[in-house]
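Take the given structure of chain S and dock chains R and B to it, following the hints.
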Amino acid sequence: MALTDEQVEYVATLARLGLSDEERARLREQLSSILGHIDRLRELDTSAIPPTAQVIPLDPVLRDDIARPSLTLEQVLANAPRSENGFIRVNAILDEE
Amino acid sequence: MAVMTAPGTTYETVIGLEVHVQLLTRSKMFCGCSADYFAAPPNTHVCPVCLGLPGVLPVINRAAVEAAMMTALALGCTIQPDNKFDRKNYFYPDLPKGYQISQYDLPLAVNGALEFAVGGETRRAGITRVHMEEDTGKNLHATDPATGAGYSLVDLNRAGVPLLEIVGEPDLRSPEEARAYLTTMRQLLRFLGVSTGNMEEGALRCDINVSLRPAGSGAFGAKVEIKNVNSFRAVERALVYEVERQRRVLDAGGAIPQETRGWSEERGQTLGQRSKEVATDYRYFPEPDLPPLKMDPAWIERVRGRMAELPRARRARFVADYGLREADAALLTESRAVADYFEATLDGDRRPERARLAANWITGDLFAATPDREALGDSPLTPARLRGLLDLLDAGRINRTTAKQVFNELLARPDEDAAAIVERLGLGQVSDDAAIRATVGRVLAENPKPVADFLSGKAAAKGRLVGATMKALGGRGDVAVVNRLLDEELARQRGG
Amino acid sequence: MAGDLIYLSVDEARDLLDRREVSSVELTEAHLARIEAVEDRVKAFITATPEQAREGARLADERIAAGAAATFTGIPITLKDVLCTRDAPTTAGSQILRDFLPPYDATAVARLREQGAVFVGKSNTDEFAMGSSTENSSFHTTRNPWDLARVPGGSSGGPIAAVAAGEAIVGLGSETGGSVRQPAGFCGIVGLKTTYGRISRYGLIAFASSLDQIGPATRTVADCAHTLGAIAGHDPADSTSAPVPVPDYRAALTGDIKGLRVGVPREYFDQGLEPGVEAAVRQGLRVIEGLGAELVEISLPTSLSGLPTYYIIAPAEASANLARYDGVKYGLSVPRGDLLATYLATRRAGFGAEVKRRIMLGTYALSSGYYDAYYVKAQKVRTLIKAEFDRAFGRDDGADGRAAGVVDVIIAPTSPTTAFRIGERSDDPYAMYMADVLTIPANLAGIPSVAVPCGFADGLPVSLQVMGPAFAEDLILRVAEAYERSTDWTARRPPLDGAPREAIVGSGV
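Residue numbers (this note's numbering), protein chains in the order written: chain S, 1 to 97; chain R, 1 to 496; chain B, 1 to 509.
The shape of chain S in the complex, shown without the other chains (with noise of 0.2 Å):
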């Protein structure tokens, strides 16, 4: 399965991660190579089998409606690259009013 740039560039937008050229090429690369042994599985007929939704099977434990304890503060922004006045600092969010 070969992909194209542009579907390298595309699926690196949605993943935020920015490229160089060199990786763009040398990635679309990989991955055209490793996507055609992926796509091995397509001689399995699995058209009566349905997908896992859970490798071992287990009712979901439910949490009862207690409030506990956060962080403080001061947790909350000792791991943030830039604070302000208690909030979380970024950069502004191109095309908003």
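Rather than coming from a laboratory, the hints here were simulated on the basis of the structure. Bear in mind the structure is a predicted one, so any value in this text is a computation, not a measurement. Beta carbons: idealized from backbone N, C-alpha and C, even for Gly. The reader is advised that the hints may include incorrect statements.
[Stated by the list, open to error] Capping the alpha-carbon separation at 16 Å, the derived lysine to aspartate or glutamate pairs in EDC-like fashion look like this: (1) R:K223 with R:D171; (2) B:K380 with S:E84; (3) R:K223 with R:E259; (4) R:K138 with R:E201; (5) R:K138 with R:D296; (6) R:K138 with R:D94; (7) R:K227 with R:E200; (8) R:K462 with R:E446; (9) R:K227 with R:D207; (10) R:K138 with S:E84; (11) R:K462 with R:D487; (12) B:K380 with S:D39; (13) R:K404 with R:D391; (14) R:K294 with S:D59; (15) R:K84 with S:D59; (16) R:K223 with R:E201; (17) B:K380 with S:D45; (18) R:K471 with R:E446.
[Unchecked claim] In silico contact screen, one side only, chain S against chain B (beta carbon under 7 Å); selected entries: (19) A2; (20) R16; (21) L41.
Relative to the frame of chain S, chains R and B by itself:
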């Protein structure tokens, strides 16, 4: 798909509403942080799970699921026996994990309906689906004073709060219907106790889908989505504007492209988005950290059993069981707080006279004295204390006039009951014939003109004499006795 | 003598500590000294934590003195750096988390900490556990203690090499596609992958949510049983952890496997096995047969589709799990003019090539138009692979437990080859992926498997794995330990102490 028509065409408006409801649980959807975030300082209701730290996992809040189930049942939906959560993948600063846990192809419930009243008629709009998801955090915009550059401040308190998404069929046909649908929806949510439904606080959010089509056409026109409507009034205004806007475009021979527009409250207009958005590929897939939910029928029945009686049913019952007028029943079932207050006042008393008496006092004096009816349950004038007042009225210990005084005292002094107030203020009704006869005699002597008017045939003049007698009795006269003795005395005077 | 205090088993160390012949401080110091001595060659650690270890040892000694010791009180342990620790940086082997300090412990870590275990350091991993050689660590490559020019395997190369080199008594690694068994095999130690859900994943930095499991890495099967017993069991913080009772795994090691039916899947011997590997594994099977087990040839043809299946499901889930690394809330941030540019620059700088490859693959497999053909398809093949194991174990619906062809456990080689040279497979991703072809099926089926050393080929360790039905860890450990008793493979030690420094390949790597 565009709809192109000739000017003068009559259009039918087609509206569907997508409502997001914040559930009133104590903790968030997938973690134990308090969900009561609204007034909290930023980032103080955040834990490793809702912060999306490496290695954390979601755990489902049972109460949130049950609130969702209850809402779905109240909307007459079918709860899907197997439903599951999915990841909706996109990047945004208020979305810590880079995906939102939501429900995609197997939602909690499908195929319901909401009945609502509009313009004196009952209408019914379909509900397509109800599903659960987690809320995002909040992004605030700021400007750097030095450079003028914009930036964003992120508060994750709201991230992970449980949300219900209720998608309505495009069955609404006017802005008024849309508003009525929303109002009824909110009333229902409040009645169930699952949400405050407060749009100003963001507990209820609404996205609108609206299109026009030539009247009689079965096809749907291109649908415009309107976002950023933050009040019921805004919903109606935005729709009025947008319907008109679309009509003008169509009449001029133009086409309506399928798009998302934002409502601008300040400008009173819907505005197209500046950037041409490529529809985001959310790459939904089943949430591997959460096993699918199994909606055991016994569980559904338990939830159904706990469901509060719905507004329409309660109103009908008030009319049937208590003989109330429709208008009174409607007032008393506008909110659960009021309906509960009314029935607590009756405390099992099924006599229609008592019901009417209670209804009058509640919808009259009590409503006047209580600005926030939702908080009626917190009033110092408890149902039991009001009942004390009604009992005294029934027993003839006080009349309507003195009862008003007692009512005001009940409000002002939360520790005194009605009987004690009557005692303290000496408001006990005077019913003693002798006492009243003496007063009647004096009043007639002091008011010759009304007596003369009455005796010459002006029956209405008696009212003044009743009033004067009551006043002379300090308002405490038993009106029936006053009337009887006045009649006797006047008859005696007439008869000579 | 400090040298006598390394290479102890848990039972031996516990005995010495409880009889107060040795203190935890002494035991810990011996391990810290060992780390000092060999780390320039093995490079197992990302962050050594000697001060925390000394403090832990001190507290452990107090507890032992009070007569309140548990199994792991005072025992030196290393944790793969994908396990969150509240007192040490947790990097996942990545630049994007190089300075990240979690505010909490993973549940498995907390359970060991509660017992008074001593943590000597966070050990190396392929970045976000993606790899089969630990060469994808953004910090450095760990060396195989048996041959420093070769890889230790991956992604849990760090803890496994550390345990093999005597730098800790026990290691916790993690598996998604063989990342504990394969390196355990390359380094000649015991590595366990449990049933999916046996051990809580809370605090394990997620790679592929439906596959990830923490795995003990130890020098003996008994040590593995001890470790499993300490960390297994339901965790309310992990909705995928199984509410299945935890048996006494140590007590299950009875040594008796008479009458046990051992399935030998022919397809697992067809995957380009090196002759030395096949010979050692077949010899191991003969030993097991000699202990009274019955060998039954079986066929698991769908296992052959495991690799492509895995390389859709794992990257797909990973692409979503790694979306949180955006430079906003924590981790590396490379600010640019606007948010989008910041995302792109941060993730470009923070992730290595293999991680990018898998994120791309996974995003593609989930994207509109490809989701059914890739992700759904792979999940269907997964159903087939699991069903095949269920049938083999007689666990499918309506199965007759002792029907012909039904077996109790399945034994196969752990890897087709012994440890390859550093750099040998770096240029061919799929060739690297092939290292896990024999381990991946058990991950996809969610069944437990334990790798144990079974010999050498050209001086390098060879390993066989014992697979069993879901929650049958006690059974597979019993088989493994019975085999262990009949051989001395787990008593072998890598020639580290005599290894010349010139054995280090390519200085600066």
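Find the hints from earlier in the document that the structure breaks and name them by number, from lowest to highest. 2, 5, 16, 19
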